[in-house]
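**Q** As they're listed, the protein sequences go chains U and H.
The opening residue of the first sequence carries number 17 in the working numbering; numbering runs sequentially from there.
The opening residue of the second sequence carries number 4 in the working numbering; numbering runs sequentially from there.
The set of hints was computed from the structure by calculation and includes no laboratory data.
Ideal Cβ placement from N, Cα and C applies to all residues, glycine included.
One or more of the hints may lead you astray.
[To be verified] Listed next, the in silico BS3-like pairs over lysine-lysine satisfying Cα-Cα at most 30 Å (straight line): (1) U:237 / U:221; (2) H:153 / U:223; (3) H:246 / U:18; (4) H:149 / U:388; (5) H:244 / U:388; (6) H:246 / U:223; (7) H:99 / U:221.
[Stated by the list, open to error] Ranges between beta-carbon positions, derived for each pair: (8) U:25 / H:79: 53 to 59 Å; (9) U:377 / H:253: 41 to 47 Å; (10) U:366 / H:44: 40 to 46 Å; (11) H:37 / U:360: 20 to 26 Å; (12) U:25 / H:143: 53 to 59 Å; (13) H:202 / U:377: 33 to 39 Å; (14) H:37 / U:361: 53 to 59 Å; (15) H:79 / U:361: 35 to 41 Å; (16) H:96 / U:266: 28 to 34 Å; (17) U:243 / H:207: 53 to 59 Å; (18) U:373 / H:79: 35 to 41 Å; (19) U:340 / H:37: 37 to 43 Å; (20) U:25 / H:44: 42 to 48 Å.
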Amino acid sequence: MKTLLFILQKEFRQILRDKTILAMMLVAPTMQLIILPLAANFEVKNVNVAYIDHDHSSYSQKLENKIASSGYFKIAGSPGSFKEGLELIEYGNADLVLEIPAGFEKNLVRESNQKVNLSVDAINGTKAALGGAYLVQVLADFNSNLDVNIKSPKNQIAAPSAKISVESINWYNPRAEYKYYMVPGILVLLLTMIGGFITALNIVKEKEIGTIEQINVTPIKKWQFILGKLIPFWIVGMIVFTIGLTVMYLVYGIFPTGSLLALYLFAAVYLVALLGLGLLISTFADTQLQAMFIAYFFMMIFMLMSGFFTSVDSMPDWARTMSDFTPVTHFIKVVRLIVLKGAGLADVGTELGYLAMFAVVLNGFAIWNYRKTT
Amino acid sequence: MDNNRTNKSSSIEQSSTVNRQLSIECRKLTKQFGAFKAVDEISFDVEQGEIFGFLGANGAGKTTAMRILCGLSYPTSGQATVAGFDVYKQQESIKKNIGYMSQKFSLYDNLTILENIEFYGGVYGVSRPDIKTRSNKLITTLGLEKEAKKLVGELPLGWKQKLAFSVAIFHRPKIVFLDEPTGGVDPVTRRQFWDMIYEAAADGITVFVTTHYMDEAEYCNRISVMVDGRVEALDSPANLKNKFNTDTMDDVFYQLARGAKRMDN
């Protein structure tokens, strides 16, 4: 126990002395939490439309105005031909080309039927799919409000067509704002970085400068060394988590609706699991560069598989299984549940079990793999 | 070879007659990496309080052998005890009783002199009051009063090495292992460094030291010379010079090492 105290004293002295790392650990997360949610926004806005009007009628003019005033689209140009429109897409100036053929108004009025051509740049999949869908909605709306349809004698004779209108309400996030979805997720990623990266780098640094050999030749026991490394970064992690929650409240006005205690309990267990991962990485890597790359590899998988960016439910089965084996998945889920939905400890017991399992397995493996004598 | 063997056994007899304790006993100690025998059946004894020079060209296997004796590495075969503890099973007991100064400088650059002493003293189980009195004394002896609260990284190399040695024997171990402790250090500091080694030996600490400087080899009570993983000679510097018919340790070393097949690591 005394030995452990000496080790902790040394670790804290070193952490507090390294101002760069200290700033990285405390200031960088705050900055990221402030900046990232503003930039990481999945809403599609500012879709550029090339509007080719071969008709030049009052209808085609009305449609153009309606598109431009919808809030999602910008008219990027009015080229004279489809070829010119496609060029706009090729140069990246337009995302969609909408071609209105000659006789648009005439055909609508006389024959109640007219096709238009919509071409989408599908390189940015999300923008293409959502932008295309929005535009189809705008067209449908335009269509139903056309004078010719409303005043059509056919419509007056026929029974008014039944129409289902949907009123939707967004629960837990009334205005469907992305920040509510993103901010808790980013908080989790920050803890992941502290746990996974910094511990790994810290221990591997001792390998690089050779002090680990000096440690290995002392009577320091394996568990003392490992606890001596885990405890300080666990404390740093909890401080960062607290700062994160504060920023979340002060900047975004998000205060956990659920149990704060449950949230901290999860953060505590989660950090132990991630510190175990960092420790495990450090037992394999001999240089900080290796450790960086291994840690980065895991971070990428964690981010993509965790449901931070995309919904886990829409992943294929194999990916969902993989996602279950990613600690980040469970913590992100829980943080969103507790912060937004007001879940208590009883609601998230399974997830706590998962995290505890990760903590035991990762640390166990790391301790087993750390050798004082080779 | 035969000569060396008889010499060695006679020295063991001498030691047993005066009933001096052995610090290190090595019997056919071997470390093999695949087909490569880094250490090839070496056998020797080191008496308590002795300054034992462990010489050899680069790649001869000195560091590997030393790492086994320090409990950092498992031998492949053979026996060895350090301070009476077995190198296979009792590494942790060995570690309590030895000090170690590696080739790489191994104090923490971002801790002060006092903090380094406190940490290493503490993990060897020296009590806090003892740490305080002993480190004050040490700082005065080394003349580092003004630097005591400076970061170790700011010290010149010679001072760092003297400090590292002092830290290695701070917990008063039975044996201290020094792996090329004076590499890159100026002659004056080297001289002072050896004065410190003599003081430690006078206090009863066994000193096991590797070096490339032949003038330093002369300071040792006995030296062994390793060539290609084997101990090719072991005796006092004077006896070795007699045996190889020369006046200098340089020449002894040259005659032994020129047959080496292994080059630099």
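**Q** A separate judgement is required for each hint: does it hold in the structure or not?
**A** Taking the hints in turn, this is what the structure says about them:
1. For the given pair, residue 237 (chain U) sits about 20 Å from residue 221 (chain U) by alpha-carbon distance, which is consistent with the 30 Å threshold.
2. Simply put, residue 153 (chain H) and residue 223 (chain U) have alpha-carbon atoms about 24 Å apart, close enough for the 30 Å limit, and the pair holds.
3. The hinted pair formed by residue 246 (chain H) and residue 18 (chain U) fails the criterion: a straight-line CA distance of about 53 Å is larger than 30 Å.
4. Proposed proximity of residue 149 (chain H) and residue 388 (chain U) is contradicted: the alpha carbons are some 36 Å apart, above 30 Å.
5. With a C-alpha separation of about 40 Å, the suggested pair residue 244 (chain H) and residue 388 (chain U) falls outside the 30 Å cut-off, and the hint is violated.
6. A C-alpha spacing of about 43 Å is found between residue 246 (chain H) and residue 223 (chain U), which places the hinted pair above 30 Å, so the restraint is violated.
7. Distance check on the hinted pair: residue 99 (chain H) and residue 221 (chain U) sit about 25 Å apart at the alpha-carbon level, within 30 Å; holds.
8. A hinted range of 53 to 59 Å is violated for the C-beta pair residue 25 (chain U) and residue 79 (chain H), which are about 39 Å apart.
9. Between residue 377 (chain U) and residue 253 (chain H) the Cβ separation comes to about 58 Å, which falls outside the hinted range of 41 to 47 Å.
10. At roughly 59 Å, the beta-carbon separation of residue 366 (chain U) and residue 44 (chain H) lies outside the given 40 to 46 Å, and the hint is violated.
11. For the pair residue 37 (chain H) and residue 360 (chain U), the beta carbons lie near 58 Å from each other, so the given range of 20 to 26 Å is not met.
12. Distance hint check for residue 25 (chain U) and residue 143 (chain H): the Cβ-Cβ separation is about 24 Å, which falls outside the suggested range of 53 to 59 Å.
13. Taken as a hint, the range 33 to 39 Å is violated for the pair residue 202 (chain H) and residue 377 (chain U), whose Cβ atoms sit roughly 51 Å apart.
14. With their beta carbons about 54 Å apart, residue 37 (chain H) and residue 361 (chain U) fall inside the hinted range of 53 to 59 Å.
15. Checking the proposed 35 to 41 Å range against residue 79 (chain H) and residue 361 (chain U) shows it is violated: the Cβ atoms sit about 54 Å from each other.
16. A beta carbon spacing of about 56 Å between residue 96 (chain H) and residue 266 (chain U) contradicts the range 28 to 34 Å that was offered as a hint.
17. Against the hinted window of 53 to 59 Å, the Cβ-Cβ separation of residue 243 (chain U) and residue 207 (chain H) comes to about 35 Å, which falls outside the hint.
18. For residue 373 (chain U) and residue 79 (chain H), the hinted distance range of 35 to 41 Å is satisfied, since their beta carbons lie about 39 Å from each other.
19. Taking 37 to 43 Å as the suggested C-beta distance range, the pair residue 340 (chain U) and residue 37 (chain H) conforms, at roughly 41 Å.
20. Checking the proposed 42 to 48 Å range against residue 25 (chain U) and residue 44 (chain H) shows it holds: the Cβ atoms sit about 45 Å from each other.
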